[in-house]
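J.: If you read the protein sequences in the order shown, they are chains V and S.
Residue numbers for the first sequence follow UniProt numbering, so the first one is 1 and each next one is one higher.
Residue numbers for the second sequence follow UniProt numbering, so the first one is 1 and each next one is one higher.
If you're looking for bench data, these hints aren't it; they were derived computationally from the structure.
A few of these clues could be false.
[To be verified] Computed cross-link-like contacts, SDA-like style, restricted to lysine to any residue with a CA-CA straight-line distance of at most 25 Å:
{"id": "1", "chain 1": "S", "residue 1": "K61", "chain 2": "V", "residue 2": "E23"}
{"id": "2", "chain 1": "V", "residue 1": "K348", "chain 2": "S", "residue 2": "E88"}
{"id": "3", "chain 1": "V", "residue 1": "K348", "chain 2": "S", "residue 2": "G94"}
{"id": "4", "chain 1": "V", "residue 1": "K84", "chain 2": "S", "residue 2": "Q63"}
{"id": "5", "chain 1": "S", "residue 1": "K61", "chain 2": "V", "residue 2": "A443"}
[Stated by the list, open to error] Chain V is faced by these chain S residues, among others (derived, beta-carbon under 7 Å):
{"id": "6", "residue": "L49"}
{"id": "7", "residue": "E70"}
{"id": "8", "residue": "C74"}
{"id": "9", "residue": "R75"}
{"id": "10", "residue": "V77"}
{"id": "11", "residue": "L78"}
{"id": "12", "residue": "N81"}
{"id": "13", "residue": "T82"}
As the structure is a computational prediction, the values presented were derived from the model and not from experiment.
Ideal Cβ positions, reconstructed from N, Cα and C, are used throughout, including at glycine.
Next come the chains, spelled out residue by residue.
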Amino acid sequence: MEEDVETRKISSSFLRDHSYATEADIISTVEFNHTGELLATGDKGGRVVIFQREQESKNQPHRRGEYNVYSTFQSHEPEFDYLKSLEIEEKINKIRWLPQQNAAYFLLSTNDKTVKLWKDEDGEWRMGSRCLRAPTMVEPVSPLCRVLVRVRWGSGTCPWVLTLCLSSQVPVLRPMDLMVEATPRRVFANAHTYHINSISVNSDYETYMSADDLRINLWNFEITNQSFNIVDIKPANMEELTEVITAAEFHPHHCNTFVYSSSKGTIRLCDMRTSALCDRHAKFFEEPEDPSNRSFFSEIISSISDVKFSHSGRYIMTRDYLTVKVWDLNMENRPIETYQVHDYLRSKLCSLYENDCIFDKFECVWNGSDSVIMTGSYNNFFRMFDRNTKRDVTLEASRENSKPRAILKPRKVCVGGKRRKDEISVDSLDFSKKILHTAWHPAENIIAVAATNNLYIFQDKVN
Amino acid sequence: MFLTPVVLHWPFYNLDTMFVRGLKRKCFDGEEDIEGTLAGIKAIPSYNLQRQSLLDMSLVKLQLCHMLVEPNLCRSVLIANTVRQIQEEMTQDGTWQMINTQSTGQASLDRLVSTDILCRSSREQAEGKHVPGYSTFDKDFEGDQAQDNSETMSTASSVQTPRNLQSNVWEMENAQENKGNFQKSLDQIFETLENKSPNSVEDLFSEVDNSYYDLDTMLTGMMSNTKMGHCDGLETFASPTSTASNSNCKSDLNELDHIVEILVES
């Protein structure tokens with residue numbers, strides 16, 4: 001049977017690729033564009049790979065809307081700052097798409113210091129002249145593997161199907177293919193002393209912001225040599241520094257409003273109309289500390305690693321080390337919902353502090369209708385929370401469990417006492433396998449999950 | 001001959017059970033190995049000991065910066081805040097007070113770790129900003145606690161010295177004062193080691209965990225933000241080393257001298 005043959009090929013290629021996994025292939029960001037037609041991934045080696053969804057065809061209904069590699073380019077290169085004697089990593093921290101205008105696609109990609117605007121024309125990401133160079137990868141391994149897997153969620157009403165599993169970000173290269181060397185349309189450089197952690201496109205589509213540890217700058221897409229500083233929390237005396245900015249995002253509809261989160265677990269909402277420098281927030285979101293849970297690690301685990309507006313603009317979601325919280329913009333004193341992602345880690349915080357896992361920055365995402373939220377965890381687990389039914393599920397992104405037609409059961413972590421058959425105990429969790437980056441299609445139930453150097457795309461198989 | 005590292009054995013105790021809640025407990029996980037100086041004694045680690053261990057772990061984390069890549073500011077700030085939190089609690093406990101009365105010539109109670117060294121961007125250094133001397137964290141515990149903490153203390157103290165050097169480098173106007181500061185930090189090391197048994201120095205280095213970081217890397221990491229020109233300044237500290245060692249007749253000072261020499265020469 002054809003699928004079996006594919007399976008055999010898949011198994012062997014997975015094994016081979018797994019042993020060749022390099023650090024440069026670690027995926028560092030995943031983002032769907034506004035229609036969901038394109039999916040961009042950035043990796044630690046500074047490359048961007050864009051996937052495009054296949055048009056549905058009646059001839060092959062089982063290959064409904066699957067993603068194939070569309071193009072790839074080197075976005076950032078490692079740089080050396082000679083003045084500071086420091087290397088600037090080429091790792092792509094964030095990618096953000098611009099809404100589509102005309103027939104061209106635009107995206108922003110950033111490393112620690114420099115934001116670049118890329119434009120796609122006819123599948124080639126470029127600005128001006130094209131330079132061609134021979135591909136450096138000679139492995140003809142096809143990374144695209146169509147494995148159909150049924151995943152039961154909850155009572156089985158919402159099965160998820162794994163449709164695509166990619167290994168090592170190596171795009172398919174036919175022998176005669178040449179790699180296009182792309183040049184960015186705009187380079188926004190030299191505006192950040194500290195490391196950029198977020199970029200966010202404004203709803204006016206004319207400006208965007210970039211946030212580093214202590215400052216947030218506002219840019220106009222057309223102007224690369226100037227940016228406006230809108231938030232600056234750097235103290236006059238650096239000895240007094242106790243809090244940094246961890247994430248920032250513009251409101252999806254109000255072009256004057258944005259939020260930024262801090263390492264102390266607070267969120268500030270700012271209105272750019274009030275003053276040029278938004279040091280004074282319009283709203284301040286903070287949950288009072290639970291005295292019964294107080295420990296030396298309380299502050300570290302309260303540090304927010306990601307903040308996202310809901311598509312409606314009514315809510316914001318924040319991710320700290322152990323929980324995901326949903327806040328109503330109209331209520332500042334506490335979140336309206338709190339979801340425990342992996343509370344079983346609370347008793348392991350010291351070990352996690354020792355091995356630095358406690359500083360891992362997990363991201364979180366909304367689904368298109370803001371009814372479900374998703375975030376990653378360790379051991380290649382990721383979690384989904386249904387806000388309406390209050391049900392949650394833990395799934396695993398792993399090759400071993402991805403057999404065709406297999407039913408992937410929700411995973412469960414055993415916290416103590418007797419361990420049931422399919423459960424995994426906390427001590428057996430693999431903390432090197434962490435899912436930090438996930439993305440949800442803006443309209444459909446398609447999710448992209450980055451597990452180190454592998455990309456999984458799951459599709460909801462409701463017919 | 002090179003020293004290797006400064007890492008302590010964190011998994012001394014099952015720290016996790018202690019730190020789930022900030023309550024004082026006296027439980028002890030008997031499965032954990034007891035290392036070094038506590039061999040043969042099934043001591044119950046007090047909350048203070050656990051806290052000290054966490055403090056030391058944090059300080060080492062702060063110091064190990066990557067040579068080529070800028071350290072993560074968020075992580076550094078969080079660790080520094082944790083250290084401050086511990087220090088504040090120790091101040092309230094009175095443990096901190098006790099330490100301060102021990103030290104010679106250190107009047108200031110403000111020993112809180114400044115985040116300056118963490119956040120020091122080279123741009124500020126280029127501007128010639130004065131970096132205030134960042135106090136050596138003094139852990140001269142008294143008496144019976146000294147033995148328990150001997151490994152952890154001394155290691156951290158010796159690790160602290162280069163930082164003092166680094167900050168003192170900026171005070172080039174007052175070379176005399178610089179020597180004085182260096183002298184002070186050396187004194188602290190001497191005091192610390194004096195409290196230990198004669199063989200403790202060997203114990204200190206016999207159990208280092210090589211799987212962690214190289215002293216070499218650590219020091220070069222700290223020095224990476226220093227301009228090359230200041231290496232001259234470091235050499236002037238070589239003389240205080242020898243004069244200080246000559247003045248003290250302790251038997252283990254030869255080893256100490258050697259340690260300090262290596263630290264200074266890096």
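J.: Hint numbers the structure violates, sorted upward?
T.: Structure breaks hints 3, 5, 6.
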